[in-house]
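J.: Take the sequence shown: its position 36, counting from 1, is numbered 36 in the working numbering, and each next residue is one higher.
One or more of the hints may lead you astray.
Label-pair ranges, simulated between beta-carbon atoms [to be verified]: (1) Asp13 x Lys41: 27 to 37 Å; (2) Arg39 x Val123: 40 to 50 Å; (3) Val49 x Gly22: 15 to 25 Å; (4) Val24 x Asp115: 15 to 25 Å; (5) Asp42 x Asp115: 30 to 40 Å; (6) Tyr52 x Val122: 17 to 27 Å.
With a straight-line Cα cutoff of 25 Å, these simulated SDA-like cross-link-like pairs (lysine to any residue) come out [as the list claims (entries may be wrong)]: (7) Lys20 x Ser47; (8) Lys20 x Cys50; (9) Lys20 x Arg45.
For the record, the hints were derived by calculation from the structure and aren't laboratory data. All values derive from a computational prediction rather than experimental measurement. Note that the Cβ used here is the ideal one computed from N, Cα and C, for glycine as well.
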Amino acid sequence: MNTLSKVVSNYPDPIPVRLKHGDVLFFDSHLFHRSYPNRTKDRYRRSFVCHYCNARSFVPWDHDGYDGESGNYRQILARGRTHLAYAEPIFDTPVDITQHDEFPESSSVTMMAMDDGMMMPVVQEKKEQSQVLE
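Take the sequences, apply the hints, and build the full model.
T.: Okay, structure coming up:
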């Protein structure tokens, strides 16, 4: 049973995104989405799912076929430290991620869809943001 049907009915009609063989689609996990069944006999539909979680987050789901109360032991810490032994990085090479934004502190960046279907970064000054909130 699709329990989101009532929630989705309050939003505009879906917009189809047709993909060709080999195409990749990236979207935010908060986006209502679905797909039709893969009816091919010789190909799989692949997905790669990433979520940001604070190192102290507890994930009570994601235990399909795995022992234990949850899938927490399958999580990998990308950087920083954690009190959870199972989330400590197991790789020998540290992950170096810049701590500084490439945009000034007085702005934020949002990825926006353009008329041609491409995604472009749009820089919004904080002054504009406060005007939007008023």
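J.: Each hint needs a verdict: does it hold in this structure or not?
T.: Hint-by-hint comparison with the structure:
1. Asp13 x Lys41: 27 to 37 Å: Holds - the Cβ-Cβ distance for Asp13 and Lys41, about 32 Å, lies within 27 to 37 Å.
2. Arg39 x Val123: 40 to 50 Å: Holds: the Cβ-Cβ distance is about 43 Å, inside 40 to 50 Å.
3. Val49 x Gly22: 15 to 25 Å: holds (20 Å)
4. Val24 x Asp115: 15 to 25 Å: holds (21 Å)
5. Asp42 x Asp115: 30 to 40 Å: This hint holds: roughly 37 Å between Cβ atoms.
6. Tyr52 x Val122: 17 to 27 Å: 21 Å Cβ-Cβ, so the 17 to 27 Å window holds.
7. Lys20 x Ser47: Measuring from Cα to Cα gives roughly 15 Å; hence the hint holds.
8. Lys20 x Cys50: Holds, because 23 Å separates the two Cα atoms, which is no more than 25 Å.
9. Lys20 x Arg45: holds (12 Å)
Checked against the numbered hints given earlier, this structure breaks none of them.
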